[in-house]
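J.: Protein chains in written order, with this note's numbering: chain A, 361 to 615; chain B, 63 to 572.
Hints in this document: simulated from the structure, not taken from any laboratory.
Ideal Cβ positions, reconstructed from N, Cα and C, are used throughout, including at glycine.
Heads up, a few of these hints could be off.
As the list claims (entries may be wrong) - Simulated restraints, written as ranges between beta carbons of each label pair:
#1 112(B) / 466(A): 27 to 35 Å
#2 537(A) / 187(B): 36 to 44 Å
#3 265(B) / 569(A): 50 to 58 Å
Unchecked claim - Computed, partial: chain B to chain A, Cβ under 8 Å:
#4 179
#5 194
#6 197
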Amino acid sequence: MATPAIEFRGVSFARPGLARVLDDFALTVDAGDVLALVGRSGAGKSTLLKLVNRLLLPDSGVVMVQGRDTREWEPIALRRRVGYVLQDVGLFPHMSVADNVAVVPRLEGWAVDRVASRVHELLELVGLPAPTFAARWPDELSGGQRQRVGVARALAVDPPVLLMDEPFGALDPLTRAELHAEFHRIQSHLRKTVIIVTHDMGEAFALADRVGVIENGRLIVCDRPGAVAASTEPLVRQLLDALPAIPRPSATPSP
Amino acid sequence: MRALFTFWLSHRAELASLFGQHVLLVAGSTLAAVALGVPLGIFAARRPRLASPLMAVASIVQTVPSLAMFGFLLPVPFIGGVGARAAVVVLILYGLLPIVRTTIAGLRGIDASIREAGVAMGMTPRELLRQVELPLALPSIVAGVRVAAVVGVGSATIAAATGAGGLGEYIYRCLSMVDTTVILAGAIPAALLALAVDGALLWLEKQLSARRRSRSRRAAVTVAAAVAAAVLVSSVAAARRAGGAIVVGSKNFTEQLVLGELLAQAIERDAGLPVDRRLNLGGTLICDQALVSGDIDVYVEYTGTALTAVFHQPVSSDPGAVFDTVRALYAKSGRTLLPPLGFNNTFAILVRGADARSRGLRTIDDAVPESARWRAGFGYEFVERPDGYPGLRKAYGLRFPDSPRVMDLTLSYRALASGQVDLIAGDATAGLIKGLDLVQLEDNRHYFPPYDAAAVARAGVLLRYPRVRTALERLSGRVSAADMRAMNYAADVEHRDVPVIVRDFLARVQ
Chain A
361 MATPAIEFRG VSFARPGLAR VLDDFALTVD AGDVLALVGR SGAGKSTLLK LVNRLLLPDS
421 GVVMVQGRDT REWEPIALRR RVGYVLQDVG LFPHMSVADN VAVVPRLEGW AVDRVASRVH
481 ELLELVGLPA PTFAARWPDE LSGGQRQRVG VARALAVDPP VLLMDEPFGA LDPLTRAELH
541 AEFHRIQSHL RKTVIIVTHD MGEAFALADR VGVIENGRLI VCDRPGAVAA STEPLVRQLL
601 DALPAIPRPS ATPSP
Chain B
63 MRALFTFWLS HRAELASLFG QHVLLVAGST LAAVALGVPL GIFAARRPRL ASPLMAVASI
123 VQTVPSLAMF GFLLPVPFIG GVGARAAVVV LILYGLLPIV RTTIAGLRGI DASIREAGVA
183 MGMTPRELLR QVELPLALPS IVAGVRVAAV VGVGSATIAA ATGAGGLGEY IYRCLSMVDT
243 TVILAGAIPA ALLALAVDGA LLWLEKQLSA RRRSRSRRAA VTVAAAVAAA VLVSSVAAAR
303 RAGGAIVVGS KNFTEQLVLG ELLAQAIERD AGLPVDRRLN LGGTLICDQA LVSGDIDVYV
363 EYTGTALTAV FHQPVSSDPG AVFDTVRALY AKSGRTLLPP LGFNNTFAIL VRGADARSRG
423 LRTIDDAVPE SARWRAGFGY EFVERPDGYP GLRKAYGLRF PDSPRVMDLT LSYRALASGQ
483 VDLIAGDATA GLIKGLDLVQ LEDNRHYFPP YDAAAVARAG VLLRYPRVRT ALERLSGRVS
543 AADMRAMNYA ADVEHRDVPV IVRDFLARVQ
């Protein structure tokens, strides 16, 4: 069996002076899989992501990325192999769109031409044609466009792993649906290992190969969307019930 | 207005030189404050526990009056002493607070998600600082630099008190003249400089704000650097003075400027040596320290002042005994007191001529009954000195209802003339006594010790340059009280140039 891309083994983590965020947590993500983690705010979802790119280290247990303990990874090298997309994007306001996307390639010391062609390629990939958007500034973009730039920036040096922390949380439903479609398109090309954190079960079903539900620092279910939808766990039912009823076209009264 | 332009026109070379020195003082100290303050701010922004004590210390430093700071630094080796060095140190200390504060504020103001994005992208702390944090904090830092530079332009005027040069020299020099418009000769260029610095840095700050394009940011930085370099180079050129072998100092009132110039011209003419003039130093203590530290080689002191203020000896009224005591004390510390110049500049208790005539006041004793209704105004030194006000009050039984107003010595003449105070302690040789119709009351109880003016020099310099000793000795006994009063009058009331007054005098007596 191939080494899982990401693996949590018996991971516990507590903020100093606060209750445990994660308690004996176990999780495996296979290479090329998209895992969505769903849970209430404060359930420990973002902490999980930060343990993967070593923004945090576990109190006990082991987090393995590509078969290596994060404690053994050199943090800078690890982070450059793990793309990270935040809800509020965190684009650098003093850099143009192209410069934002070019940050990690430049840190990696790429040649100027290679950076330029990579930026061009990435902007096309996320649906922001370079001639129009490369020279724009973050404050000249809509929320959806900013998030596309955030994705392009995270993918810049082609990292095998992508972490997305509520990436579409702040967007309106139409834009979100558009970006979900884009995500599928991009992922079908790239086959990255992706962990997406969301509090929206609908989004999880729309994007993920597998869906995990977290409560009080424990993984309650982690399975194919169909299996999760059929789960009898009370919390999973609660989260599913919170989904808005989707009006079907057939239900629309005919004129 | 006309007088002002005439003054500028006739002093244009000097004006350019002083302006250049001023710019250099401010630019040098501000650059150094940036070099120190920005790293300090970065350091403090990351350690919140350190930030508040650091800011507290910086705030306290800022509240120390600049003149006090200069005085405090005088005896400190390396950074202290007289001249531009100490001034730059003081200006750096003043500039630190705004720069540290705005650096901290700029760094703390950066959105947490932006910083987190940088870290998560695999930036090292150094890369994060250089590529993200500093560029985003830059407008805020430039705002601090602007405050530091503008405050620096103002504080640098006070630096003239320690011989650092700059436009402050005009302000100090003009304080002793009756015509107040001449003060503007130094104040207006200083104010214009402050406005220009403020405007230029405000422009830069706007260019650098995060919403602007990086190409225009880069252009703005380039323009700013080019302008700064041009200003610095031209200031260096303007500020350059002929370096002299002998450094002549003086205190900061008219008579001392005249005497300093007198020593300088005598040395230049008779000894044939180049002279560096560090005139207008803050006071007795500053001149004495400067002589000890070697920042100056010679200046004119008064025997009574040396006895009491420098050596803390009991007051004596015998001129010969005082001279011998002081010469011996100077000799012990490697300094030589040359023979007296020929006049005694005792303290003169002065009242308005109108008061003296209407009440028939002739001696200090005559003024004692009046003192119950009078206000007195004295210079800083006079209030403190053992041969000053405390002893005077006891010796004559003066009883002013309020404690005396303490003011700048040269301003006190005008305060008396304009009726703000009724009695002052001036210099017996002050030109303003005649100029403002003031009357000196006789010291009928012989309270004041003799204040015979005499040059005091570093012994080593006289040994190395015997011609300097000869030149200085040639002056002994040549300057009478009437000569001195006439030269002070020419400078203070007639606004004649001091070098010209001295040249005419030397041509006449030698």
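J.: Hint by hint, say whether it matches the structure.
T.: Checked hints:
At roughly 33 Å, the beta-carbon separation of residue 112(B) and residue 466(A) lies within the given 27 to 35 Å, and the hint holds. Separation of residue 537(A) from residue 187(B) is about 40 Å and conforms to the stated range, judged on CB atoms against 36 to 44 Å. The given range of 50 to 58 Å is respected by residue 265(B) and residue 569(A), whose C-beta atoms sit roughly 56 Å from each other. Restraint check, residue 179(B) versus chain A: the minimum CB separation of about 3 Å is within 8 Å; hint holds.
Given hint, residue 194(B) at the interface with chain A, holds; its Cβ is 6 Å from that chain's nearest Cβ, closer than 8 Å. This hint holds: residue 197(B) has a C-beta 5 Å from the nearest C-beta of chain A, less than the 8 Å allowed.
Hint compliance for this structure: no hint is broken.
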